[in-house]
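Trainee: Construct all of the structure, not just a fragment, from the sequences and the given hints.
Protein chains: 2
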Amino acid sequence: MNIEKIIIAGPVYQEMKNSIANSGVNKHFRFLSEKEVTWEDFNWADAYVGFRPTSNFHFGHLKWVHSIGAGVDGFLFNRKWDKDVLLTRTITSFGRRISEYCLSYILMDIQYHDTFKQQQSIKKWKTIEPKLVSEHKVVVFGTGEIGQELAKILSSLGVDVYGVSRSGTQKQYFHKVIKSEKADQLLSQCDWVINTLPLTVYTEKMFNEDLFNCLHNACFINVGRGASVDEKALIKALDNRNLRLAVLDVFKNEPLPQDSGLWERPGVIITPHIAALTTANEAVDCFLQTLEQIERGNVSVKNIVNIEQGY
Amino acid sequence: MNIEKIIIAGPVYQEMKNSIANSGVNKHFRFLSEKEVTWEDFNWADAYVGFRPTSNFHFGHLKWVHSIGAGVDGFLFNRKWDKDVLLTRTITSFGRRISEYCLSYILMDIQYHDTFKQQQSIKKWKTIEPKLVSEHKVVVFGTGEIGQELAKILSSLGVDVYGVSRSGTQKQYFHKVIKSEKADQLLSQCDWVINTLPLTVYTEKMFNEDLFNCLHNACFINVGRGASVDEKALIKALDNRNLRLAVLDVFKNEPLPQDSGLWERPGVIITPHIAALTTANEAVDCFLQTLEQIERGNVSVKNIVNIEQGY
Chain A
1 MNIEKIIIAG PVYQEMKNSI ANSGVNKHFR FLSEKEVTWE DFNWADAYVG
51 FRPTSNFHFG HLKWVHSIGA GVDGFLFNRK WDKDVLLTRT ITSFGRRISE
101 YCLSYILMDI QYHDTFKQQQ SIKKWKTIEP KLVSEHKVVV FGTGEIGQEL
151 AKILSSLGVD VYGVSRSGTQ KQYFHKVIKS EKADQLLSQC DWVINTLPLT
201 VYTEKMFNED LFNCLHNACF INVGRGASVD EKALIKALDN RNLRLAVLDV
251 FKNEPLPQDS GLWERPGVII TPHIAALTTA NEAVDCFLQT LEQIERGNVS
301 VKNIVNIEQG Y
Chain B
1 MNIEKIIIAG PVYQEMKNSI ANSGVNKHFR FLSEKEVTWE DFNWADAYVG
51 FRPTSNFHFG HLKWVHSIGA GVDGFLFNRK WDKDVLLTRT ITSFGRRISE
101 YCLSYILMDI QYHDTFKQQQ SIKKWKTIEP KLVSEHKVVV FGTGEIGQEL
151 AKILSSLGVD VYGVSRSGTQ KQYFHKVIKS EKADQLLSQC DWVINTLPLT
201 VYTEKMFNED LFNCLHNACF INVGRGASVD EKALIKALDN RNLRLAVLDV
251 FKNEPLPQDS GLWERPGVII TPHIAALTTA NEAVDCFLQT LEQIERGNVS
301 VKNIVNIEQG Y
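Protein chains in written order, with my numbering: chain A, 1 to 311; chain B, 1 to 311.
It is possible that part of the hints are untrue.
Each pair may be met inside one copy or between any two copies, as identical chains are not told apart.
With a straight-line cut-off of 30 Å between C-alpha atoms, the simulated BS3-like cross-links for lysine-lysine are [claimed, not checked]: (1) 236 x 131; (2) 137 x 176; (3) 252 x 131; (4) 176 x 152; (5) 205 x 117; (6) 205 x 124; (7) 123 x 252; (8) 17 x 131; (9) 123 x 236; (10) 131 x 152; (11) 236 x 205; (12) 152 x 205; (13) 236 x 124.
Hints in this document: simulated from the structure, not taken from any laboratory.
Mentor: Here's what the structure looks like:
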């Protein structure tokens, strides 16, 4: 595939412009904010690179679309895709970043950071025994690249990590992988549930009342997509003590609206979609590698999106 | 060595009584709080088991003293020891516990837990990019059992871990081990300094003005002993930005006195000596194993204290 004209759009287009200028790659670029991209740009370009489609996105003469993020639901979920257009996504240190995010909140909880902080504020010296991370059972939804890196790091600390996936195919680093429809019993015994799944028709509202009802005083971390969670069911699960703690990095609407009840809800920790940021440098590296592979005619690039599956 | 009469003293003597009763070991025991132990008890007993000497401690007919904690400075520091009396210490999951304590505070810092909590409290959605733990350089003082376990866990996450010890002997899991008198340059480039050292004449006030002056906006974790730190120098280091954060689990006087300035000092996190607690069950397990080894005449038990070295 021959790619000559490329739109680079989105919040980090300026930083990407500088990096690409330094790389010496010889193509025609238009570096634009999402708002600046016109209908004509899509007719001009061979390729579009961005976090999501612009509001006026159309396929025009595009042959290739490259997502700067790992999640491509912005391009595919509830949208029609032109199957002649190649869709690729960025793969960088997401797995590592998400793993450290999750581990930080698990350790925060079992090391009683909040309790000790509160005790310090009133000069109270009272022993509470931290638990070891290996005393916990963790269930990870999603056994792809990100889920596997998470399982690798947690299992290296002695944690029993169970995976849940559509196929139930066994994967390295997981104690066991189970099909999603058979996860009930597993969930009833687990301490932490972590969602790493992409948003697809199968994962929309997957974390609903039925699922939360299986839990007993568990903790939930969402580093997948906000729309995979039924927010009302989440609140109810906190009310009913199915959930003790929810650590949420992603939301159906982002930024999380000011009137959302989640902001002030006890037992909810909110972070602004930072568990797996793509830095401009990482985005450029992955974009240039993918470009090179596509031009070499090597269509088996690791980061090609399966349009049917949606990830 | 024949041990028949044993004093079990200290805060967990009741729990230890229950565990030992269940173990079926056939000895004469006196289970006592520290205050209840009399002069006569020491003349009666072959062995004393406790966290520290009682205030009326004397060697009497003791042949063996077993410390329930890993640190034996309570028995040896600024005291005379009868060299005919065997001193052993508890070795359990201390290394693992201390490692998870340290990792929890490193991750808390680099994942900006406090900043995101503050943002949540005012419903602010602002991206800040967490760093990866592998971008940090950590210096661990003490390359013994605890320091090595800490180096093992941090290095498995990609951290460059440097060790500092009296001898400078290279040890597994450390990128490099350096003699304490040569640590200056290393300290000037590090992000985290962690003290795991026992209290001895060599480590008393080791973390003094000279040492802190080498640091540039670094973080300090003390999971060794409080008396290894010059508290005035620590405060000065925070004032001067040699230190950005001090996470302190141990103090010269414990519980930390109400009038200590550390309680309210910004940049100081205080926990009540919980990084490496001995549970009653772990204490009993280690005590019984040591007892068995001593009775078998196997004096090469792993947990024998070198009285000269003080650990």
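Trainee: 30 Å Cα cut-off: does residue 236 pair with residue 124 within a copy, between copies, both or neither?
Mentor: Answer is between: at 24 Å across copies they meet the 30 Å cutoff, but 34 Å inside does not.
Trainee: How do residue 123 and residue 236 come out at 30 Å by Cα distance, when the copy is not named: within, between, both, or neither?
Mentor: between (35 Å within a copy, 22 Å between copies)
Trainee: How would you label the pair residue 236, residue 131 (within, between, both, or neither) given a Cα cut-off of 30 Å?
Mentor: For residue 236 and residue 131, the Cα distance is within 30 Å only inside one copy (27 Å; across copies 34 Å).
Trainee: Regarding residue 176 and residue 152, is the shortest C-alpha distance of 30 Å or less found within a copy, between copies, in both, or in neither?
Mentor: For residue 176 and residue 152, the Cα distance is within 30 Å both inside one copy (13 Å) and across copies (26 Å).
Trainee: Can you tell me if residue 252 and residue 131 fall within 30 Å by alpha carbon in one copy, between copies, both or neither?
Mentor: This pair counts as between: shortest inter-copy Cα distance 25 Å, intra-copy 33 Å.
Trainee: How would you classify residue 205 and residue 124 at a CA-CA limit of 30 Å: within, between, both, or neither?
Mentor: Between copies, since 26 Å is at most 30 Å while 43 Å is not.
Trainee: Checking residue 131 and residue 152: alpha-carbon separation at most 30 Å within a copy, between copies, both or neither?
Mentor: both (20 Å within a copy, 19 Å between copies)
Trainee: How would you label the pair residue 152, residue 205 (within, between, both, or neither) given a Cα cut-off of 30 Å?
Mentor: within (27 Å within a copy, 40 Å between copies)
Trainee: Taking 30 Å as the upper bound on the Cα-Cα distance, should residue 236 and residue 205 be classified as within, between, both, or neither?
Mentor: within (15 Å within a copy, 53 Å between copies)
Trainee: Could you place residue 123 and residue 252 in one of the four classes (within, between, both, neither) given a Cα distance threshold of 30 Å?
Mentor: between (41 Å within a copy, 16 Å between copies)
Trainee: Can you give me the call for residue 17 and residue 131, within, between, both or neither, at a CA distance of at most 30 Å?
Mentor: Classified as between; 23 Å across copies, 48 Å inside a copy.
Trainee: When Cα atoms must be at most 30 Å apart, do residue 205 and residue 117 count as within-copy, between-copy, both, or neither?
Mentor: Classified as between: cross-chain Cα gap 26 Å, same-chain 35 Å, threshold 30 Å.
The structure fails none of the hints (numbered hints given earlier).
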